[in-house]
Amino acid sequence: MLKMNSMNSIYENLNSKFNILSVDYPDDMQMAIDLEEKDIHTVLAYLKSDGYTQLSILTCVDWLKEGVLQLVYVIFNWDSGIHILVRTKLDRDKPLFRTVMEIYPGAEFYERDVHEFFGVEFEGNERSYKHLFLELWDAEPPMRKDFDTQAYSDKKYAPREYKSKFISEKGGEK
Amino acid sequence: MKEVKLFLGPQHPGMHGNYSVHMYVDGDIIKKANPMPGMLHRGFEKLMERRYWMGNIALIPRICVVEPDINEMVYAMGVEKLAKIEVPERAHWIRMIILELARLAIHLMSFGGIGGPTGLYTASYWSVADRDLILDIFEKITGARVYHMYIVAGGVRKDLPKGIEEEIIKFLDYIETRFPEYEELILKNPIIHARLKDNILLPKEVVHELGVTGIGMRSAFNKANDIRKVKPYARYDQVEFDVPFGPYSDAYTRVSYKLIEMKQSVRIIRQSLEKMPKEGPVRVSYSTGNAIRWTVPSGMVYPVIESSRGEYGYLMVSDGSDKPYRIAVRGASYPQGLLGVEKYLPGHRIDDASIWMATMDVCAPEIDR
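First to last, the sequence lines map onto chains F and E. Counting in the numbering used here, the first sequence runs from 2 upward without gaps. Counting in the numbering used here, the second sequence runs from 0 upward without gaps.
These are calculated hints, taken from the structure and not from any lab test. Careful: at least some of the hints might be erroneous.
Computed list of lysine-lysine pairs in DSBU-like fashion (alpha-carbon distance at most 30 angstroms, straight line) [stated by the list, open to error]:
#1 Lys-83(E) to Lys-228(E)
#2 Lys-83(E) to Lys-157(F)
#3 Lys-4(E) to Lys-30(E)
#4 Lys-131(F) to Lys-157(E)
#5 Lys-83(E) to Lys-66(F)
#6 Lys-95(F) to Lys-146(F)
#7 Lys-4(E) to Lys-49(F)
#8 Lys-131(F) to Lys-4(E)
#9 Lys-222(E) to Lys-131(F)
#10 Lys-274(E) to Lys-157(E)
Footprint (simulated), chain E over chain F, 3 or more residues, beta carbon under 8 angstroms [said to hold, decoys possible]:
#11 39-48
#12 101-109
#13 136-144
#14 152-164
Predicted model, so just to flag it, every value in this text is computed and none were measured. A virtual CB, placed ideally from N, CA and C, is assigned to each residue, including glycine.
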């Protein structure tokens with residue numbers, strides 16, 4: 002009860018200052034808010050000054066059917082124990098977003114991660130284009146829902162024929 | 000200045016897991032460091048989207064090779080949040096025992112493992128041997144020594160075997176007699192003092208900047224920032240334990256906190272064995288029909304627990320089908336393993352690089368995923 006009250010007050014406070022498109026409470030100490038692209042930086046900067054000093058993770062969800070890539074910033078307040086999932090949706094065909102490195106410096110490698118696996122460009126993160134985990138990657142961002150792993154494998158690796166070799170009864174190979 | 004490029008890893012006795020750092024050095028001083036993750040990238044997040052919710056249980060322990068149980072716990076917690084599943088009381092306590100035994104195992108490995116980069120190999124041998132006793136306990140409980148596949152959504156697979164409580168207590172009694180010996184060998188060792196004290200500092204501002212959690216954060220922040228305290232899960236709010244914290248984070252402090260945390264793990268396990276209900280169900284049956292083809296209600300949740308290296312969480316997304324739509328892994332050492340290496344490894348000596356990785360708790364498997 003106490004936790005839900007504090008969660009509600011946090012939401013009321015945010016809603017009175019910013020345009021919150023929707024709110025959800027996945028857990029008793031967790032809140033998810035949806036924002037427009039242009040509001041993300043302002044809200045993150047505000048929340049950081051309000052105690053949410055840690056960016057736990059920045060990641061992406063590919064909603065293929067809706068044609069959007071959803072960015073999710075999970076921030077955490079160690080004093081209250083509350084996580085807030087700050088979410089926004091980007092155009093799937095041309096996902097471009099401003100970096101949040103000025104607010105959360107630790108976001109740098111998360112942004113490179115999201116760029117590599119989902120293809121989101123982060124303006125202001127000069128090295129987001131550099132390979133991180135997938136050295137010499139030469140195809141579409143692999144975490145996209147429409148990335149065909151089988152087709153990539155077929156194209157990338159030559160088919161081989163595997164021959165079985167049997168030991169004859171006399172010993173040695175036939 | 001004359002720059003020479005050296006490779007630390009990916010196959011290196013001082014490296015933890017297959018991970019690589021390209022170091023540019025001038026004499027013995029590292030001038031520049033580039034983290035080179037990727038060798039341990041196995042595509043877990045993609046694989047999890049291809050498997051049933053039940054099938055992922057066998058996959059996820061491998062995400063964090065050295066501490067597999069945290070993956071099982073976070074995954075189970077996430078499914079339980081999405082599906083509104085209540086775990087039986089006894090299962091909560093069993094989970095706590097498993098998680099604390101796992102914490103003991105990893106802390107033993109990394110505490111003794113500091114012997115690797117410092118040449119104190121006796122410590123490494125001791126800790127591996129003692130860890131084996133914990134693996135024996137896991138084997139009796141779960142049938143597996145390292146990857147247990149034991150904590151599942153809805154509880155744990157099976158109840159504790161008869162007589163295991165006595166064996167756990169016997170082990171705890173034994174390991175408590177060993178802690179003073181470890182302290183004598185490691186924490187009072189002049190080599191360790193010379194190499195670790197007042198070296199490889201982690202200031203409070205850097206913790207903030209990178210997003211470091213766990214012992215690194217607590218030793219610099221002077222606060223007990225531990226998920227078990229701040230946001231209790233399982234039954235951590237019903238046992239008494241102390242989280243070490245302090246204002247000055249050098250390599251020696253971070254290593255010594257591991258020993259303190261091991262002692263607290265012993266304390267938690269003892270209380271759990273005493274307080275847990277002696278009988279009762281350990282798993283709820285929440286699906287009808289084919290158990291392998293569960294569907295989980297749609298939603299997004301971020302379950303999180305305290306691993307030996309800090310905050311460990313999964314961002315889990317379901318679209319209501321029989322497979323996860325998206326699971327993103329927040330590796331606890333991701334911040335220090337990537338940005339931390341790049342920005343703060345420079346300035347140290349070559350021979351301190353391995354100590355840096357060890358005491359910052361960089362764990363390559365969970366970074367690469």
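| task | Verify the proposed pairing of Lys-222(E) with Lys-131(F), using a straight-line Cα cut of 30 angstroms. | result | violated, 37 angstroms
Worksheet entry | Coverage criterion applied to the region 39-48 of chain F (partner chain E; beta-carbon cut 8 angstroms; 3 residues) | Since 0 is below three, the answer is violated.
Between Lys-131(F) and Lys-157(E), does the CA-CA distance stay at or below 30 angstroms? violated, 47 angstroms
For the pair supplied as a hint, Lys-83(E) and Lys-66(F), confirm whether the alpha-carbon distance does not exceed 30 angstroms.
Holds, at about 26 angstroms.
When you check the alpha-carbon spacing of Lys-95(F) and Lys-146(F), does it fall within 30 angstroms? This hinted pair holds, its Cα atoms lying about 16 angstroms apart.
* Would you check the hint for Lys-131(F) and Lys-4(E), treating anything up to 30 angstroms between C-alpha atoms as holding? => holds, 20 angstroms
inquiry  = So if I understand the rule, the pair passes when the alpha-carbon distance is 30 angstroms or less; does Lys-83(E) with Lys-157(F) pass?
reply    = Status violated; Cα separation ~43 angstroms.
Sort out whether Lys-228(E) lies within 30 angstroms of Lys-83(E), counting only the CA atoms.
holds, 23 angstroms
Q | Given pair status - Lys-157(E), Lys-274(E), alpha carbons within 30 angstroms | A | Within the cut-off at roughly 19 angstroms; holds.
Exercise. Is Lys-4(E) close enough to Lys-49(F), meaning Cα to Cα at most 30 angstroms?
Worked result: Given that 30 angstroms is the threshold and the Cα spacing comes to 38 angstroms, the pair is violated.
### Task
Confirm or reject the coverage of the region 136-144 of chain F by chain E under the rule of 3 or more residues with a beta carbon closer than 8 angstroms to the chain's beta carbons.
Coverage by chain E holds here, the residue count being 3 at a Cβ distance below 8 angstroms.
Check of the region 101-109 of chain F against chain E for coverage (Cβ-Cβ below 8 angstroms, three residues minimum): holds (count 4)
Comparing the model with each numbered hint stated earlier shows that hints 2, 4, 7, 9, 11, 14 do not hold.
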